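Q: Respectively, the protein sequence lines represent chains A and B.
Numbered according to the working numbering, the first sequence spans residues 1 to 232.
Numbered according to the working numbering, the second sequence spans residues 1 to 316.
Warning: the hint list may mix true and false statements.
[Unchecked claim] PhoX-like cross-link-like pairs, simulated, lysine-lysine; straight-line CA separation at most 20 Å: (1) A:K223 x B:K306; (2) A:K98 x A:K173; (3) A:K173 x B:K45; (4) B:K280 x A:K223; (5) B:K280 x B:K306.
None of these hints come from the bench; they were simulated from the model.
Only a predicted model underlies this, so the values are computations on that prediction, with no experimental measurement involved.
Each chain is listed here by its residues.
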Amino acid sequence: MPADSYAVAITVGSTIRARRAEQQSGTQHPTIRGSLAAQGNRIDDTTLIREAQQGNRAAFEVLVRHYDQSVLRLALHLTGSETDAQDIYQEAFLKAYKNLGSFRFECSFYTWIYRIVTNLCLDHLRKRNVRKEDAPVAVDNSGEEYSVIEQFADARAGANPERDLMRRELGSKIGAALERLTPRERMVFELKHYHGLKLRTVGEMLHTTEETAKNTLFRATQKLRTALAEMR
Amino acid sequence: MKCDWVQQNILFYVYNELEDDARYEVEQHLARCPQCTNELKATRKFHATMSHAPVSEPAPNLLAASRMRLQEALETTSQGGWWRRLIFEPTTWLRQVRMSPALAAAIFVVGFGGGIGATYNYLGSRQFGDQLAVTDRTTTPNPIEASAITGIRSITQDPESNQVSIKYDTVSTQEAQGSLDDQRIQQLLLFAARNNYNSGVRMDSVDLLTQQPNDIRVREALMYALQNDSNPGVRLKALDGLSGFIRQDPTVRDAVLRALISDASQGVRLQALRMVEPMKVDSNVRAVLARLAQSDQNPSIRSQAKTMLAEVPEMD
Numbered sequence: 001m002p003a004d005s006y007a008v009a010i011t012v013g014s015t016i017r018a019r020r021a022e023q024q025s026g027t028q029h030p031t032i033r034g035s036l037a038a039q040g041n042r043i044d045d046t047t048l049i050r051e052a053q054q055g056n057r058a059a060f061e062v063l064v065r066h067y068d069q070s071v072l073r074l075a076l077h078l079t080g081s082e083t084d085a086q087d088i089y090q091e092a093f094l095k096a097y098k099n100l101g102s103f104r105f106e107c108s109f110y111t112w113i114y115r116i117v118t119n120l121c122l123d124h125l126r127k128r129n130v131r132k133e134d135a136p137v138a139v140d141n142s143g144e145e146y147s148v149i150e151q152f153a154d155a156r157a158g159a160n161p162e163r164d165l166m167r168r169e170l171g172s173k174i175g176a177a178l179e180r181l182t183p184r185e186r187m188v189f190e191l192k193h194y195h196g197l198k199l200r201t202v203g204e205m206l207h208t209t210e211e212t213a214k215n216t217l218f219r220a221t222q223k224l225r226t227a228l229a230e231m232r
Numbered sequence: 001m002k003c004d005w006v007q008q009n010i011l012f013y014v015y016n017e018l019e020d021d022a023r024y025e026v027e028q029h030l031a032r033c034p035q036c037t038n039e040l041k042a043t044r045k046f047h048a049t050m051s052h053a054p055v056s057e058p059a060p061n062l063l064a065a066s067r068m069r070l071q072e073a074l075e076t077t078s079q080g081g082w083w084r085r086l087i088f089e090p091t092t093w094l095r096q097v098r099m100s101p102a103l104a105a106a107i108f109v110v111g112f113g114g115g116i117g118a119t120y121n122y123l124g125s126r127q128f129g130d131q132l133a134v135t136d137r138t139t140t141p142n143p144i145e146a147s148a149i150t151g152i153r154s155i156t157q158d159p160e161s162n163q164v165s166i167k168y169d170t171v172s173t174q175e176a177q178g179s180l181d182d183q184r185i186q187q188l189l190l191f192a193a194r195n196n197y198n199s200g201v202r203m204d205s206v207d208l209l210t211q212q213p214n215d216i217r218v219r220e221a222l223m224y225a226l227q228n229d230s231n232p233g234v235r236l237k238a239l240d241g242l243s244g245f246i247r248q249d250p251t252v253r254d255a256v257l258r259a260l261i262s263d264a265s266q267g268v269r270l271q272a273l274r275m276v277e278p279m280k281v282d283s284n285v286r287a288v289l290a291r292l293a294q295s296d297q298n299p300s301i302r303s304q305a306k307t308m309l310a311e312v313p314e315m316d
């Protein structure tokens, strides 16, 4: 079959033909993946989702690429650990893959996947809270433990060692302040302040209202300001 | 007293979460109130301090490693269980399962939410073979004889009797006749709307389905056609069929809004715009209209959206 029969927007007819080819050959048809990935403009999520729901794994992988960098960014900044971030990434997209059938387009895929990621992050934060007596510790990729609050130390090494020290201290203050928040408060603050999401979206992701998200943000910032003032 | 309200909202002002009217009020107040201005400064300082822990992009090799790990896991993961069988895949089904034309027609409807129970019911029920009276071109003596539906050839409706006549192919061409209320006719119509390569046939089936939109499966088929059919004429027909439900059913409303935002055909978009017009007080509709009025590429849509918004009463 000519390659460009797959390169057009997926219509019903060619979808069935494409799937048939995939199943008959027993492997993923390379043309689908190639043309799906190489198309100049992004393929509509809707098309990809419907394809993925029919079992087209290549479509799911393209769909993942639309979002996975920002998912990893969120998990990394929130947990401060590359290992934890990777775990959250893995769990989130596997969960999405398994549950794609129940996605009924009642919200955008973006909201849907972020809902999954947010909940996994909340679980992570809750587990971490349980061990609050110990200083929060994480393990990096080489197996070394490091203090999580150091994650916020600005990594830029300047020419001025005193300034570097101040920056590191500020970083640890920020980390310590954030530790005072409840997991939900931490999550709302993270999504709003560090990732710029609208509170309405944050509410949707946490299965609550915009109003609740607003109140949570307010409480979180009060706590943070108090904490920072105390540390001065 | 005003200061209380402003101080409550300074945080949201700094985070750009206020509606335009509230933002205006805050700015007006800040121009006159030194106390609140101090609070604004303090809040901005807090914002700057917290921004000291910037979000960095994940290292490329971390991203690559994560992707590879995911890919490996996907190879061994199967997509969830029961719902897969409900997805409408008649051609592959028919390849795999040898069954009588009656059973084949019955199974197609499973994709619209019949549920696993229904599937097994249909499969188990022997009587079904007898119910479908087929006018067979070649002599198929026995419904149990293997054959499969490979496509719908044509759909016509007799204007006088309203009887629907559908020609569908199995190994030989079969024909089913009946009224629109006839279950087998409905099943074949649903099949045709989704799966026929001939847009004319899809058009006919969607047209007839619009006469029966109370059935939730029909509504879903119409929404599917609106979203996915490659032919704009078919999409327009589907839109017409959904018009009665836009008020009562939020999923229909959302499907129409999606078509309004992103359909490839201007005709479809304009029709969708006309359809949401009576609902312009709905906040979801208004949000879409606002976006269109501001930034849509199409001048006709932009101006119509602007006009509609202008007609909406003032916010409280």
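Q: For each hint, tell me whether it holds in the structure or not.
A: Do the hints match the structure? See the list:
1. A:K223 x B:K306: Violated - the C-alpha atoms of B:K306 and A:K223 are around 44 Å apart, more than 20 Å.
2. A:K98 x A:K173: violated, 40 Å
3. A:K173 x B:K45: Holds. A:K173 to B:K45 sits at ~15 Å (cutoff 20 Å).
4. B:K280 x A:K223: Not OK: B:K280 and A:K223 at ~41 Å, beyond 20 Å, violated.
5. B:K280 x B:K306: holds, 11 Å
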